[in-house]
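Protein chains in written order, with this note's numbering: chain A, 618 to 928; chain B, 618 to 928.
Calculated directly from the structure, the hints in this document are not laboratory data. Since the structure is predicted, the reported quantities are computational estimates derived from the model, not experimental observations. Watch out, some of these pointers could steer you wrong.
Identical copies carry no separate label here, and so any pair may be met within one copy or between two of them.
[Claimed, not checked] Capping the alpha-carbon separation at 20 Å, the derived lysine to aspartate or glutamate pairs in DMTMM-like fashion look like this:
{"hint": "1", "residue 1": "Lys693", "residue 2": "Asp772"}
{"hint": "2", "residue 1": "Lys890", "residue 2": "Asp738"}
{"hint": "3", "residue 1": "Lys890", "residue 2": "Asp763"}
{"hint": "4", "residue 1": "Lys854", "residue 2": "Asp918"}
{"hint": "5", "residue 1": "Lys832", "residue 2": "Glu924"}
{"hint": "6", "residue 1": "Lys917", "residue 2": "Asp738"}
Chain by chain, the residues run as shown.
2 protein chains.
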Amino acid sequence: MNTFPALSDRHSDPAIYPPGVAYMDGQYLPISEAKISVLDNGFLHSDATYDVVHVWQGAFFRLDDHLDRFFAGMEKLHMSIPLDRAAVTEILKNCVALSGLNNAYVEFICTRGTSPTFSRDPRDAVNRFIAFAIPFASVANPEQMDRGLHVAVTDLVRIPPASVDPTVKNYHWLDLVQGLYAAYAQGAETAILLDAEGNIAEGPGFNVFAVKEGKIYTPEYGVLLGITRQTIFDIGKDLQIPYVTGDLSPEDLRLADEVFVTSTAGGVMPVTKVDNTFIGTGSVGPITQQITRAYWQMHKDDRFRTEISYP
Amino acid sequence: MNTFPALSDRHSDPAIYPPGVAYMDGQYLPISEAKISVLDNGFLHSDATYDVVHVWQGAFFRLDDHLDRFFAGMEKLHMSIPLDRAAVTEILKNCVALSGLNNAYVEFICTRGTSPTFSRDPRDAVNRFIAFAIPFASVANPEQMDRGLHVAVTDLVRIPPASVDPTVKNYHWLDLVQGLYAAYAQGAETAILLDAEGNIAEGPGFNVFAVKEGKIYTPEYGVLLGITRQTIFDIGKDLQIPYVTGDLSPEDLRLADEVFVTSTAGGVMPVTKVDNTFIGTGSVGPITQQITRAYWQMHKDDRFRTEISYP
């Protein structure tokens, strides 16, 4: 005779989560309670778009630009939510305010959602909006910010634009994750992936920049059009540092005077070693430092700040 | 003065889910309660592998082959779980038994999981195993099984193997989903994507086959090595229908005598229209019918069946 296990009413989750507050279905929840169905197409088909904005000293930085990209991404994926920009802004503010975080990593997501019948037609699903605020996160830790990241250029090819539109911020990261494992195996701390032509593309969550003879270079095609990347262009204009977007080979990177990467998660982060080559003097270069200072200075400019009220 | 919304203890989910039973963390749950954290890297980075096996008349079909692929995929992604094949088999059997389903769609998943600190290093995450059984699902509905699917060959390029290893069954489906929307816009019911060379790759969850002058043709590279695809080869040997794996152009497909697609979700499914071209006579062809009969006949063969005991 067979015996069968009992069916539980609710999942008891042994995992430990960081602090933070999430929003789902009109409810604000501790981040540990923010869960999506395993049947959500945002999980089962990675059928989702999202954005991440950071909060610095009680204000969002360039929130409008992140909202622009998020709403444009939803449209490209044929998704819609019953929330406009003002409603999303209100929700993001509430997540941060309820979390009490002065510096935060704020992610907002639209998933394809589920259909009651597990239909394979994405048009049958009800799209789902989720947002959460957790403590500010950075690609580089304080030690790495100080002495520069060590990166490896791996032979993995970033998913090309003919397959997935990189201007729609998406969760297709297996290439980036496999790149990380390849980089770790070479003793590096993070990875840079190539495009299909063998030029530099991007890394896990960041854009790549090289500085050569006073000019800034960064890839143009097949990469996320990062808001921090745009901020570097804005800073370049302000500081009269010329910038060029176009092909950048691994050799260009190794022969650069300075290299840095950019992300909402961390801002401007120096790179001082690429594969086995130290870049320039092997320490954080002057233009990287100048841009980093300008980046954080911009966070005090009201044109880029959206203030948050806290309880 | 600002007022702030209240924080709820638990999420109240308005969505309606199909019937079924899931397993997570040693617990069996109604599928409606099976939820993963929004912070799980399986969601935020689509950093996961999975497999789907079907249950037909109270038995798994080719379970061993699905387990082989799942465990191989985890290894390629540097994942591990504290469960061996026997333990996973036991869990899958229990999900089906507790669901009471005689015909079922059974999915088992390993996600990268989460780390308590939201670390960006995948090595810090605790991998998570999830399984669920829901009613049997098919790519084609009964009407489409009868008269053949109408498909469109879209200009989307399936994510190439240099980016994501297609032999690791994965959730990177945005190219397939955008292909579906492109197909719907052309009045078709599902989509076929191309590879980087412009040859036929695969569709959302299925492999593609053409029949020409008594031979079966199917793409060789850059596609999922489907278990049902393998079953077609096995049937080809049994029935002495020669099969060839290699490049298949969109024109080859349109000029074929018969076209069919294969998936664990539905088995062998006829295609009678590609873009605006009817295939062969425009109705389900004799070799497709012969293979379909053989496919379901194999479900009675003890070599491929793993019986389930029900309460």
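Verification of the supplied hints:
no.: 1; hint: Lys693 - Asp772; verdict: between (30 Å within a copy, 16 Å between copies)
no.: 2; hint: Lys890 - Asp738; verdict: between (47 Å within a copy, 19 Å between copies)
no.: 3; hint: Lys890 - Asp763; verdict: within (13 Å within a copy, 61 Å between copies)
no.: 4; hint: Lys854 - Asp918; verdict: within (16 Å within a copy, 71 Å between copies)
no.: 5; hint: Lys832 - Glu924; verdict: neither (34 Å within a copy, 68 Å between copies)
no.: 6; hint: Lys917 - Asp738; verdict: neither (47 Å within a copy, 31 Å between copies)
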